[in-house]
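Residue numbers (UniProt numbering), protein chains in the order written: chain X, 1 to 352; chain F, 1 to 352; chain C, 1 to 352.
One or more of the hints may lead you astray.
No distinction is drawn between identical chains; accordingly, a pair holds when it is met within one copy or between any pair of copies.
Pairs of lysine-lysine residues, derived as DSS-like cross-links and limited to a Cα-Cα distance of at most 27 Å, are as follows [stated by the list, open to error]:
id, residue 1, residue 2
1, K116, K177
2, K266, K177
3, K204, K114
4, K204, K266
5, K116, K3
6, K114, K177
7, K81, K114
8, K114, K266
9, K81, K266
It is worth saying that the hints were derived from the structure and are not from the lab.
Next come the chains, spelled out residue by residue.
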Amino acid sequence: MNKLFMILVFIGLPLSIIGSIFHWSAVIMFIIYCLTIIALAGFIGRATESLAIVLGPRVGGLLNATFGNAVELIISIFALKAGLIGIVLASLTGSVLGNLLLVGGLSFFVGGLKYKWQSFSIYDARHNAGMLIFAVIVAFVIPEVFTQTLNDRNTMIVSVGIAVILIVLYLAALLFKFVTHRGVYQTDNVQNESKHEEDPEWGKGKAIIILALATAAVAYVSEHLVSTFDIVGATFGWSELFIGIIIVAIVGNAAEHASAIIMAYKNKMDVAVEIAVGSTLQITMFVLPILVLLSLFFSTSMPLVFTWPELISMVTAVLLMITISNDGDSNWFEGLTLLAAYVIMGIGFYFI
Amino acid sequence: MNKLFMILVFIGLPLSIIGSIFHWSAVIMFIIYCLTIIALAGFIGRATESLAIVLGPRVGGLLNATFGNAVELIISIFALKAGLIGIVLASLTGSVLGNLLLVGGLSFFVGGLKYKWQSFSIYDARHNAGMLIFAVIVAFVIPEVFTQTLNDRNTMIVSVGIAVILIVLYLAALLFKFVTHRGVYQTDNVQNESKHEEDPEWGKGKAIIILALATAAVAYVSEHLVSTFDIVGATFGWSELFIGIIIVAIVGNAAEHASAIIMAYKNKMDVAVEIAVGSTLQITMFVLPILVLLSLFFSTSMPLVFTWPELISMVTAVLLMITISNDGDSNWFEGLTLLAAYVIMGIGFYFI
Amino acid sequence: MNKLFMILVFIGLPLSIIGSIFHWSAVIMFIIYCLTIIALAGFIGRATESLAIVLGPRVGGLLNATFGNAVELIISIFALKAGLIGIVLASLTGSVLGNLLLVGGLSFFVGGLKYKWQSFSIYDARHNAGMLIFAVIVAFVIPEVFTQTLNDRNTMIVSVGIAVILIVLYLAALLFKFVTHRGVYQTDNVQNESKHEEDPEWGKGKAIIILALATAAVAYVSEHLVSTFDIVGATFGWSELFIGIIIVAIVGNAAEHASAIIMAYKNKMDVAVEIAVGSTLQITMFVLPILVLLSLFFSTSMPLVFTWPELISMVTAVLLMITISNDGDSNWFEGLTLLAAYVIMGIGFYFI
Chain X
1 MNKLFMILVF
11 IGLPLSIIGS
21 IFHWSAVIMF
31 IIYCLTIIAL
41 AGFIGRATES
51 LAIVLGPRVG
61 GLLNATFGNA
71 VELIISIFAL
81 KAGLIGIVLA
91 SLTGSVLGNL
101 LLVGGLSFFV
111 GGLKYKWQSF
121 SIYDARHNAG
131 MLIFAVIVAF
141 VIPEVFTQTL
151 NDRNTMIVSV
161 GIAVILIVLY
171 LAALLFKFVT
181 HRGVYQTDNV
191 QNESKHEEDP
201 EWGKGKAIII
211 LALATAAVAY
221 VSEHLVSTFD
231 IVGATFGWSE
241 LFIGIIIVAI
251 VGNAAEHASA
261 IIMAYKNKMD
271 VAVEIAVGST
281 LQITMFVLPI
291 LVLLSLFFST
301 SMPLVFTWPE
311 LISMVTAVLL
321 MITISNDGDS
331 NWFEGLTLLA
341 AYVIMGIGFY
351 FI
Chain F
1 MNKLFMILVF
11 IGLPLSIIGS
21 IFHWSAVIMF
31 IIYCLTIIAL
41 AGFIGRATES
51 LAIVLGPRVG
61 GLLNATFGNA
71 VELIISIFAL
81 KAGLIGIVLA
91 SLTGSVLGNL
101 LLVGGLSFFV
111 GGLKYKWQSF
121 SIYDARHNAG
131 MLIFAVIVAF
141 VIPEVFTQTL
151 NDRNTMIVSV
161 GIAVILIVLY
171 LAALLFKFVT
181 HRGVYQTDNV
191 QNESKHEEDP
201 EWGKGKAIII
211 LALATAAVAY
221 VSEHLVSTFD
231 IVGATFGWSE
241 LFIGIIIVAI
251 VGNAAEHASA
261 IIMAYKNKMD
271 VAVEIAVGST
281 LQITMFVLPI
291 LVLLSLFFST
301 SMPLVFTWPE
311 LISMVTAVLL
321 MITISNDGDS
331 NWFEGLTLLA
341 AYVIMGIGFY
351 FI
Chain C
1 MNKLFMILVF
11 IGLPLSIIGS
21 IFHWSAVIMF
31 IIYCLTIIAL
41 AGFIGRATES
51 LAIVLGPRVG
61 GLLNATFGNA
71 VELIISIFAL
81 KAGLIGIVLA
91 SLTGSVLGNL
101 LLVGGLSFFV
111 GGLKYKWQSF
121 SIYDARHNAG
131 MLIFAVIVAF
141 VIPEVFTQTL
151 NDRNTMIVSV
161 GIAVILIVLY
171 LAALLFKFVT
181 HRGVYQTDNV
191 QNESKHEEDP
201 EWGKGKAIII
211 LALATAAVAY
221 VSEHLVSTFD
231 IVGATFGWSE
241 LFIGIIIVAI
251 VGNAAEHASA
261 IIMAYKNKMD
271 VAVEIAVGST
281 LQITMFVLPI
291 LVLLSLFFST
301 SMPLVFTWPE
311 LISMVTAVLL
321 MITISNDGDS
331 NWFEGLTLLA
341 AYVIMGIGFY
351 FI
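The shape of chain X in the complex, shown without the other chains (with noise of 0.2 Å):
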């Protein structure tokens, strides 16, 4: 496994260039950008990993997240550079979607697969049930029913602020987590115990420096990837809302993927949990506020208002994944009902 990403690096990260300059057809290239992301996905997820066992689970999850979401954040600056504010919020609500239905659900249906039950820390479960609750169904919901009679200039107001609001409570949770209550989680220093144990993969100079390369890799053959959309769009009949929220959130979530569920499948529920819930929590309150702040500085600048189909699909996600999730433990169903509730919504924006 290992070994086969490692030859598709070395032979598509090339290819990527080389098709590019070339102007090859736009399906072949679609599908060597997609195959080079998810190999180097692997090795971000070895990095990433070798990293977790050094730093602890929750600075490792925390790392992981920032890493997988900092190409999602360099491909929405272009978009919204371009106009594409559509576009923007359509691949977030993927991102969300993904990573807590798709990640989510194939964390804990794999993990489920080889263990009977597996478990997590409940204190972060509730933790991170209320952030949900108020990034999605408070900060998201209100400027949807509220905007409806007002003009742009206000609706933009309203925006801002609330980005503003979601960027604070973000850092507080931060304060929160790493300062003021730190090492209050009984769980994490059972787990680390177990950790210790083994021995990481990479030393942490190598992780770091391999980490940084996939990275940059990635976000290189990331914006690559989405040239290619309108053309592949059209010949498969995807339309651009499909691929913003289906196949973005596939690939441009391929590094949470993998190594969310190279965790669950070692057991370390803890850090898969993590990226799922983490990733959402930090597009939710950070990437997406940061964006309508930047937005500003740009020709259009973005609202915080969603379509209904999206802000609709995030909800019932959240309801869900925070009524699996807060007994503190999974099983392979659990997964499946969350990889359902996808392939659900996979429908829904596939036909609307």
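Chain X is fixed; fit chains F and C onto it per the hints.
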């Protein structure tokens, strides 16, 4: 009580046949049919209870839900054949509301009058909560929101896709409960032990025969009951929606009502909750999707799209039931809350 | 602090009377009224606390909520008499949001600054969660969705029916709490013991007299405060909805704010939560339905139908509060999350 039921059946059944032959007044037949069904439900309850003692609480509960819903499935197929899509969706909505709020509420209330606190498996409650959210809040809400801009053909494709996923997940839930995670529920073992001390009223063979005959008789009478609805509705000023949602829910689920309340009164809350919630899950994840697929073979196909009042009623009923039941215990006030919610929805459907 | 409040009251009350006689500027009177009410609230808080020590945390909390909401009931009746239905519904919405998010948030936040974790009865939290879902998500959502196609007369019939059910369930909740299930809450007994060690500031008689006088004074000043709203609104550019929901919520609930925060700071979280959530339940299940029934005797009757922004705000506030409080403990971050939700809704109502 048992004697009264026996008398009612042996008078009611012949009168049902005679009355339908000689075309007696619809209102009189309506009363005869209702009383006969309720009396038959008493037999079903006793037969199921006997079987439940022999087979254990979960299989007994499943059995119960199956025999209750077989009646609804048969009635719905006849209605579907006649193209009465609105009445089918209304009566399934009524079954969901009736099972969650009326059966669940009466069980909690009646049981709570006798016992200060009653407890049931918290693992089952949480497992069921995930499925309720999945079925009603994901699988029913998504097509409602997504198909508003779709044409009839695509609406039907989305409905069929979601119906297939619901059935697959329902079968996976049976696999989870009876194969991969059988016997993981502590509560059962404890209950089974205490239950084996009781003697069943009827032997296994006799109970099965009575169950089969009574169910067949309920199906026969129910079908004739339905044909009186238009005249009764006109006589009492009840709309078709109100009859579908309230009257069908009460009479059609009389079997579940009777046995759930008997179980609650005997402090077997695991069985009572299994009937109320398990029956809801069977209707939403099995009966309804089967009907959507079957409707493809009839002249009018039935999409998975409820009216807004129907959908909102089910969503709020699910949220209320989950909030009330996820602590694993019940009391009379929780039962009264569920009943009050049922009355509020009843008032709404009466005037709509 | 106590001396400052005493000075404020003995200067503010005479100035309130003199100013209203000599028709001073509305903006100046607005500031005098606000400060006087906040100072009076300090006395109410101290008197309630003295009584709470004598009578136990639950009765103390109920007492608190009653005295806070008596003011709102009186103001609402005057507004109803003047036909100002929109302002009554807005100010009740504001009370719900203010109690759940502002009082609850400040209690959790201020208490959390002093204590790392604070805990309260998980049984109460879950009992209250069921009632919050019932009142806001069933009893308020159903008429909103169902009455959209009804005429005014039927809308009013549905409203009256639901109002009666709300009052019946509220009385049943009192019966449950104080008669059939009195003293089932473990936490109380523990708390009561530790509380009996404290000496109340004032004796029972003195506390009752101060409570009665201060409440009467708050009612007097509040009524005059309301009459300044139109001029103050015009001066500062505040809409009627914003004044009803935000200003009335802050000043009208100042008494609850003061005592809840004092209780939280003294680590009596059971009382603080009882004030925030108990007061919300009293408004939604008692004050509002009483007003609906009373409105039948006035020229304009008030249906139980909120505007969509009002309803969605309450629904999301309830979901957030339940998610945050159902683990039975709190910290500063949970408080900040509730406050952030309040600010987001405040921004929304300001621009709407």
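Against the structure, the hints:
| no. | hint | result |
| --- | --- | --- |
| 1 | K116 - K177 | between (30 Å within a copy, 12 Å between copies) |
| 2 | K266 - K177 | both (25 Å within a copy, 25 Å between copies) |
| 3 | K204 - K114 | neither (29 Å within a copy, 39 Å between copies) |
| 4 | K204 - K266 | within (20 Å within a copy, 47 Å between copies) |
| 5 | K116 - K3 | neither (30 Å within a copy, 49 Å between copies) |
| 6 | K114 - K177 | between (31 Å within a copy, 17 Å between copies) |
| 7 | K81 - K114 | neither (45 Å within a copy, 46 Å between copies) |
| 8 | K114 - K266 | within (9 Å within a copy, 40 Å between copies) |
| 9 | K81 - K266 | neither (41 Å within a copy, 52 Å between copies) |
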